[in-house]
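Engineer: The whole structure should be built from the sequences, with the hints applied where relevant.
Heads up: the sequence lines are chains A and B, in that order. Residues in the first sequence are numbered from 1 upward in steps of one, following the numbering used here. Residues in the second sequence are numbered from 1 upward in steps of one, following the numbering used here.
Everything labelled a hint here was simulated from the structure, so no lab data went into it. Don't be surprised by glycine CBs; every beta carbon is placed ideally from N, CA and C. Keep in mind that a hint or two might mislead.
Straight line, CA to CA, 30 Å or less: simulated DSS-like cross-link-like pairs of lysine-lysine [said to hold, decoys possible]:
no.	chain 1	residue 1	chain 2	residue 2
1	B	Lys238	B	Lys260
2	B	Lys98	A	Lys98
3	B	Lys194	B	Lys228
4	A	Lys98	A	Lys194
5	A	Lys139	B	Lys260
6	B	Lys249	A	Lys238
7	A	Lys285	A	Lys249
8	B	Lys139	A	Lys139
9	A	Lys194	A	Lys60
10	A	Lys260	A	Lys238
11	B	Lys194	B	Lys40
12	A	Lys139	B	Lys40
13	B	Lys238	A	Lys98
14	B	Lys228	A	Lys40
15	B	Lys139	A	Lys60
16	A	Lys40	A	Lys285
17	B	Lys98	A	Lys139
18	B	Lys139	A	Lys98
19	A	Lys40	A	Lys60
20	A	Lys60	A	Lys238
Anything over 12 Å on all C-beta distances counts as not near chain B; from chain A, calculated [what the hints assert, rightly or not]:
no.	residue
21	Pro7
22	Pro19
23	Ala28
24	Lys40
25	Asp88
26	Gly92
27	Glu118
28	Thr119
29	Glu164
30	Ile216
31	Thr224
32	Pro229
33	Met247
34	Tyr268
35	Asp270
36	Leu282
2 protein chains.
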Amino acid sequence: MRNNWIPEIEAALHQYLAPPQTAYRRAAEAMAYSAEAGGKRLRPTFVLEFCKLASGDPQKAMAFACAVEMIHTYSLIHDDLPCMDNDDFRRGRPSCHKQFDEATALLAGDALLTRAFETLTDAPLSPEQIAKAVCVLAKCSGINGMVGGQVMDLQNETEAPSAEILNRTYELKTGALIQAACMLGVIAGNSNDKLLEDAREYGLYLGLAFQIIDDILDVSGDETLLGKPVGSDAANGKHTFVTVYGMEKSREMAAQYTQKALTIIQAYPDSESLTELTRELLVRKY
Amino acid sequence: MRNNWIPEIEAALHQYLAPPQTAYRRAAEAMAYSAEAGGKRLRPTFVLEFCKLASGDPQKAMAFACAVEMIHTYSLIHDDLPCMDNDDFRRGRPSCHKQFDEATALLAGDALLTRAFETLTDAPLSPEQIAKAVCVLAKCSGINGMVGGQVMDLQNETEAPSAEILNRTYELKTGALIQAACMLGVIAGNSNDKLLEDAREYGLYLGLAFQIIDDILDVSGDETLLGKPVGSDAANGKHTFVTVYGMEKSREMAAQYTQKALTIIQAYPDSESLTELTRELLVRKY
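Structural biologist: Below you can see the structure in the form of structure tokens.
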């Protein structure tokens, strides 16, 4: 999967998160360790691509892009903790609490979450755009967004969810932050409400497709490419799209959601790179 | 200690945190459980009092006040977790992870932190004021503020801090969020930079005095009034102002910092209630 934005995103992230020489350097190093662990940088890429779609300057959206990636990173750190998924590895390296310790990982996650909102205010944009971005990012990543989805995800381990509940879990757990990313791009581009609504809808469908493919890869993926063991969902007794709908139907649904996402953006000029990215995500191997 | 703001603050907090009827209600209940556990409501009170000092309308600062209290509450929830201070009780009730469970407490903390920033954007103030408040609150509560102080606090359990390090720990751990509270009040009152700087300095001194008195109460306080066992610092082998300077010298320093704080605000008209609160905090029993 080609993504030409990655070097610029990682350079900006690095600048925001370079650990200072202080007495609390250890936690700052943990923040950087997790944020600089690579990954597809998908969410910040959506910020920049939607800014382009809104005829904005992606450079001015870079702070928003980094903020969304910080939220994503904190959620992974906290998700890996022993009281949550208890995962020792992430992207082929020890997870944050294994590399450092639990208290440091907890605080590094808290600090990344907080730094995300500080970073939004660093964008070279108007106070109106910044305040709107804070509101959207907080709503999408909080209790009625991503965190709510994580709560549902934990509940789905102990009780089998209905199809409706499973769908809602994925919308919140994965879709909400992707929606925020797309919407923040539009806000940075200062575009109209129609595109903002389209960004929200694209993010919803793309998020669903993305999570379903995650489920599929957890069953049939290549451990070396994924950087983590396959079969962890089954080992945790987790109910996923694959366990509920089966492999074939899940592939079909991922393709359908991807098509819905594509339909939304194809009306816009300058949507080639976003279209290509959307298509590649459907056939991704990691 | 009288605080006439408490009923209004608690009514506003309750409105922001009423758990919705959703599949993730359990975590929303955990948020409300911890936020509605009472306490002195000191930080939101500082927001409202400094707004008054800035000749602003405290009602318009209520969202800022609630946001600061949410940050304070999340920090207590995460601080009580087993990997941190491992405290089973808080304000005379089971701590959040004992009442619910660790995963729920972790996520409730994350959600309160996030909701704090969403709540700032709900204030009936200009986008300039909101963006400035986001920046100040994030800086003061993140890695270079409160969270940095928590990291240092943990380190002070294993290695004896110098007087300088201990002072810096208290400035960050306790002072930074109180500074944010005072500054957010001034921002809500749309006052000048002089008062903003005075609010920052007042918060620093008041925060130091407050934390030193906490240390003193942990040795000599009344368990019933405090709602928690005394002697926990000593049991944890924690280095505090009392262990480093002794009881008498600590009392003296708390009085000196309080006097410095009082000197800053006495120049302002309408500072009677803030002066009274500042004085009462020095002789508080809980």
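Engineer: All hints, please: hold or fail.
Structural biologist: Results for each hint:
1. B:Lys238 with B:Lys260: OK: Lys238 of chain B and Lys260 of chain B at ~27 Å, within 30 Å.
2. B:Lys98 with A:Lys98: Satisfied, since the Cα-Cα distance of roughly 25 Å is no more than 30 Å.
3. B:Lys194 with B:Lys228: The hint is violated at about 39 Å.
4. A:Lys98 with A:Lys194: Given that 30 Å is the threshold and the Cα spacing comes to 45 Å, the pair is violated.
5. A:Lys139 with B:Lys260: violated, 40 Å
6. B:Lys249 with A:Lys238: violated, 58 Å
7. A:Lys285 with A:Lys249: At roughly 18 Å apart (the allowed maximum being 30 Å), Lys249 of chain A and Lys285 of chain A satisfy the hint.
8. B:Lys139 with A:Lys139: Status holds; Cα separation ~20 Å.
9. A:Lys194 with A:Lys60: holds, 21 Å
10. A:Lys260 with A:Lys238: Holds. Lys260 of chain A to Lys238 of chain A sits at ~27 Å (cutoff 30 Å).
11. B:Lys194 with B:Lys40: holds, 28 Å
12. A:Lys139 with B:Lys40: Holds - the C-alpha atoms of Lys40 of chain B and Lys139 of chain A are around 28 Å apart, at most 30 Å.
13. B:Lys238 with A:Lys98: holds, 25 Å
14. B:Lys228 with A:Lys40: Cα-Cα ~47 Å, so violated.
15. B:Lys139 with A:Lys60: holds, 21 Å
16. A:Lys40 with A:Lys285: holds, 12 Å
17. B:Lys98 with A:Lys139: holds, 27 Å
18. B:Lys139 with A:Lys98: holds, 27 Å
19. A:Lys40 with A:Lys60: Holds, at about 21 Å.
20. A:Lys60 with A:Lys238: violated, 41 Å
21. Pro7: Correct as stated: the minimum Cβ-Cβ distance to chain B is 25 Å, above 12 Å.
22. Pro19: Incorrect as stated: the minimum Cβ-Cβ distance to chain B is 9 Å, not above 12 Å.
23. Ala28: Given that some Cβ of chain B is not farther than 12 Å from that of Ala28 of chain A, nearest at about 6 Å, it is violated.
24. Lys40: The claim holds: Lys40 of chain A sits with its nearest Cβ about 23 Å from chain B, beyond 12 Å.
25. Asp88: holds, 15 Å
26. Gly92: Given a closest Cβ separation of 24 Å, the condition holds.
27. Glu118: violated, 4 Å
28. Thr119: Answer for Thr119 of chain A: violated, closest chain B Cβ roughly 8 Å.
29. Glu164: violated, 10 Å
30. Ile216: holds, 24 Å
31. Thr224: It holds; Thr224 of chain A is separated from chain B by about 31 Å at its closest Cβ, greater than 12 Å.
32. Pro229: Holds: least Cβ distance 22 Å, greater than 12 Å.
33. Met247: The claim stands: Met247 of chain A keeps its Cβ more than 12 Å from every Cβ of chain B (closest is about 26 Å).
34. Tyr268: holds, 27 Å
35. Asp270: holds, 28 Å
36. Leu282: Consistent with the label, Leu282 of chain A stays out of reach of chain B, its closest Cβ about 28 Å off (over 12 Å).
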